[in-house]
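Engineer: These are the residues of each chain, in order.
Number of protein chains: 2
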Amino acid sequence: MAELFTVLAPAEAYRVLESRLPTGMKTERVPAVRALDRVLCEDLTSPVDLPDFPRSTMDGFAVRAVDTYGASEGLPAYLTVGGEVLMGTRAETAMHVSEAIRIATGGMMPEGADAVVMVENTQAVDSATIEVVRPVAPGENVLRVGEDITRGAIVLASGHVLRPQDLGGLAALGITHVEVARCLRVAIVSGGDELVAPDQEPSPGQIRDINTYTLSALVERAGHEPIPMGIVPDVYEELAATARRALDMADVVILSAGSSVSTRDMTAQAIASLGEPGVLVHGVSLRPGKPTILAVANGKPVFGLPGNPVSCMVTFDLFVGPTLARLSGRRAPPRNVVRARLAHNIPSAAGREDYVQVALESRDDEPWAVPVFGKSNLIYTLVRSDGMVKVELDEGGLREGDWVSVILF
Amino acid sequence: MAELFTVLAPAEAYRVLESRLPTGMKTERVPAVRALDRVLCEDLTSPVDLPDFPRSTMDGFAVRAVDTYGASEGLPAYLTVGGEVLMGTRAETAMHVSEAIRIATGGMMPEGADAVVMVENTQAVDSATIEVVRPVAPGENVLRVGEDITRGAIVLASGHVLRPQDLGGLAALGITHVEVARCLRVAIVSGGDELVAPDQEPSPGQIRDINTYTLSALVERAGHEPIPMGIVPDVYEELAATARRALDMADVVILSAGSSVSTRDMTAQAIASLGEPGVLVHGVSLRPGKPTILAVANGKPVFGLPGNPVSCMVTFDLFVGPTLARLSGRRAPPRNVVRARLAHNIPSAAGREDYVQVALESRDDEPWAVPVFGKSNLIYTLVRSDGMVKVELDEGGLREGDWVSVILF
Chain A
1 MAELFTVLAP AEAYRVLESR LPTGMKTERV PAVRALDRVL CEDLTSPVDL
51 PDFPRSTMDG FAVRAVDTYG ASEGLPAYLT VGGEVLMGTR AETAMHVSEA
101 IRIATGGMMP EGADAVVMVE NTQAVDSATI EVVRPVAPGE NVLRVGEDIT
151 RGAIVLASGH VLRPQDLGGL AALGITHVEV ARCLRVAIVS GGDELVAPDQ
201 EPSPGQIRDI NTYTLSALVE RAGHEPIPMG IVPDVYEELA ATARRALDMA
251 DVVILSAGSS VSTRDMTAQA IASLGEPGVL VHGVSLRPGK PTILAVANGK
301 PVFGLPGNPV SCMVTFDLFV GPTLARLSGR RAPPRNVVRA RLAHNIPSAA
351 GREDYVQVAL ESRDDEPWAV PVFGKSNLIY TLVRSDGMVK VELDEGGLRE
401 GDWVSVILF
Chain B
1 MAELFTVLAP AEAYRVLESR LPTGMKTERV PAVRALDRVL CEDLTSPVDL
51 PDFPRSTMDG FAVRAVDTYG ASEGLPAYLT VGGEVLMGTR AETAMHVSEA
101 IRIATGGMMP EGADAVVMVE NTQAVDSATI EVVRPVAPGE NVLRVGEDIT
151 RGAIVLASGH VLRPQDLGGL AALGITHVEV ARCLRVAIVS GGDELVAPDQ
201 EPSPGQIRDI NTYTLSALVE RAGHEPIPMG IVPDVYEELA ATARRALDMA
251 DVVILSAGSS VSTRDMTAQA IASLGEPGVL VHGVSLRPGK PTILAVANGK
301 PVFGLPGNPV SCMVTFDLFV GPTLARLSGR RAPPRNVVRA RLAHNIPSAA
351 GREDYVQVAL ESRDDEPWAV PVFGKSNLIY TLVRSDGMVK VELDEGGLRE
401 GDWVSVILF
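So the protein sequences, as listed, match chains A and B. In this text, residue positions in the first sequence follow my numbering: the first is 1, and each later residue adds one. In this text, residue positions in the second sequence follow my numbering: the first is 1, and each later residue adds one.
Keep in mind the hints are simulated off the structure, nothing from the lab. Each hint should be verified, as a subset may be incorrect.
The list treats identical chains as one, so a pair stands whether inside a single copy or across any two.
Distance condition first, Cα-Cα at most 20 angstroms in a straight line; then the derived SDA-like pairs of lysine to any residue [as the list claims (entries may be wrong)]:
#1 290 <-> 119
#2 290 <-> 120
#3 390 <-> 36
#4 26 <-> 350
#5 390 <-> 112
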């Protein structure tokens, strides 16, 4: 089978894939303590008022506000100390007229009390009496029932990515388990007769597998589970069989195959054999990354990424990352971007989107982006870079000195 | 013991702590596949040249460049096809004069060949002969030995945080294990007679523990291991004993205690009992978070954070986060910041740093930061916020309409 490149622009290529992705999400119920950074898949409402009793927000005395009206330094109100609220317990008795009950920050207001006088605004007269030198209004220094959140109110909506404070908020309500998007299992197949595992000594002509490791880490960083399927030789039957096994086991399949035309054809054929609708995009107007394959088989996305490590990473970013986000209910992952001045001209053909690796450097207190040029299958181009600069489809290149956006790795 | 507030500005308070932190780092050797986002603690040099054989970067024919000089469409060079290099193997024979050996992208150059003619620039004359219609220069379409990285070159320096492409780069060199900073064990103690665990039904006057869960998630997000020590009642002996056990087990201890003066005193006393040099800072000119305690005991940092959830999170960010980064060889964690216009005035006392929670909103296509006001011990203030706005020490407040930086959660 010869390569038939129906080359699409990257954004268009992704839209074609996206339109065929399954809708709906696989969810699972997990303990809230394991749910950091997971996507919530239910609308949560509060089962209780928080707090469910009025609480003091100060150290001082619970009082009836009316008993303090008109109090001043010159004419204090005298109140009888009627006891103390112990933390974590209900006050034993209700308030009497002209009574003050000792209370600490967070303590439960006694029945009949409607305000708290700060300890700083009181003075002990004797062991049973205090002077109050400033009046308080009803509700002053008191947290009302439901002031934090009321019973039945929406706590967090489906689609929210759970942050540390959200887990604290759920703990406060006694919500100990939540329904979240299941982590996706992403199978990674590295193809190539020349590949050996990193712990092997390559013979002449062989190299160690790189993409399994870069891709696994990219999947891990996106919050999902990589399933490395190992190295497959350039034998159609073996590649197709491994791809089929991967499709059975995983939610998403990535094949990263060799860079020669014949191995690319083999990859496309193996992907096409997996199921309907099959290959949707074969070829993207992108450098590096032109021979990318985007496919869906039996409701699961399948990616054929170029074998060279730089293309592989760029195309993961452009196509796999957004797909994983989409399937797990996230917004496309935001990228850290910094502005810097370009240190060299970057030529680019119109009608093609280019991604150029750059290292950041400070010159005269200005940030500069220095292109890390190199033949495209060099992994150390990526290792030496801090990020990439995108040249838009019809921009036709960028000029030295221009301010550009650097997408950080 | 009465509270003696020697109130320091936040940055100064952190410097006091930092100056007493242990130097040097605890490291461990882990498989490279488990090392994503870990801090490298050794300088790695390449044990090999990469590639360690010259490789073709194109599909085509390996040739001696000299045999193609002067070739053109009108006057092609005729070369004898001397065989094929199979991927992952060494070419069987050396090149002869006027010979061409079929080679695929990534294939090993045969001995004597110094360039590759792209297949597009050749034409088959018969099964044993090709025409070459464009000359190639020596080295053209060939990756030299060591062109990616040379043996002995520094691959990655100590202190580097390992990214996906770095793990790919290590795989390429056969580096399967790396020395990295050990994850820190961070013990978290929540104190308060009023606290119950989230799966318990609170009695009147009791509330569920929040800070254990917020703090654990913050520790987890920073890449370290939270050790929740459970809830400790407001009994000095129990608090001190738990703090001591925590200090034995962990690298860092966080006590989050009640908000009343008496429980704060108890926390300070318990921390002071743990060892030398003890409490370094007690009180920070900060809102929320004034009663923060920074201490070092037996070479380990100990934090007494205010019990209220908002203060607790703000002070974690300002003091615990940077300390964890520092102890594990990272730079202070960069925060995502966005610019937005302030929707209300924020008053602030001069000489105090304020952090105000805000929700982001779009109005007429402009981003606005809307302060989420609320009494400071409301966890849902944090849940409803997208980030915080800092009011500098002597800024004395911010005005409605000002452009401000929002530190995103």
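Engineer: With 20 angstroms as the alpha-carbon cut-off, assign the pair residue 26 and residue 350 to within, between, both or neither.
Structural biologist: neither (41 angstroms within a copy, 52 angstroms between copies)
Engineer: When no copy is named, should residue 390 and residue 36 be tagged within, between, both, or neither for a Cα gap of at most 20 angstroms?
Structural biologist: Cα proximity of residue 390 and residue 36: none, with 32 angstroms in one copy and 25 angstroms across.
Engineer: Have a look at residue 390 and residue 112 and pick one of within, between, both or neither, based on CA distance no larger than 20 angstroms.
Structural biologist: neither (67 angstroms within a copy, 40 angstroms between copies)
Engineer: Within a copy, between copies, both or neither: which one fits residue 290 and residue 120 at a CA-CA cutoff of 20 angstroms?
Structural biologist: Only across copies: residue 290 and residue 120 sit 17 angstroms apart there, 73 angstroms inside one copy, limit 20 angstroms.
Engineer: Up to 20 angstroms between alpha-carbons, please classify residue 290 paired with residue 119: within, between, both or neither.
Structural biologist: For residue 290 and residue 119, the Cα distance is within 20 angstroms only across copies (18 angstroms; inside one copy 72 angstroms).
In this structure, the earlier hints numbered 3, 4 and 5 are contradicted, and the remaining ones agree with it.
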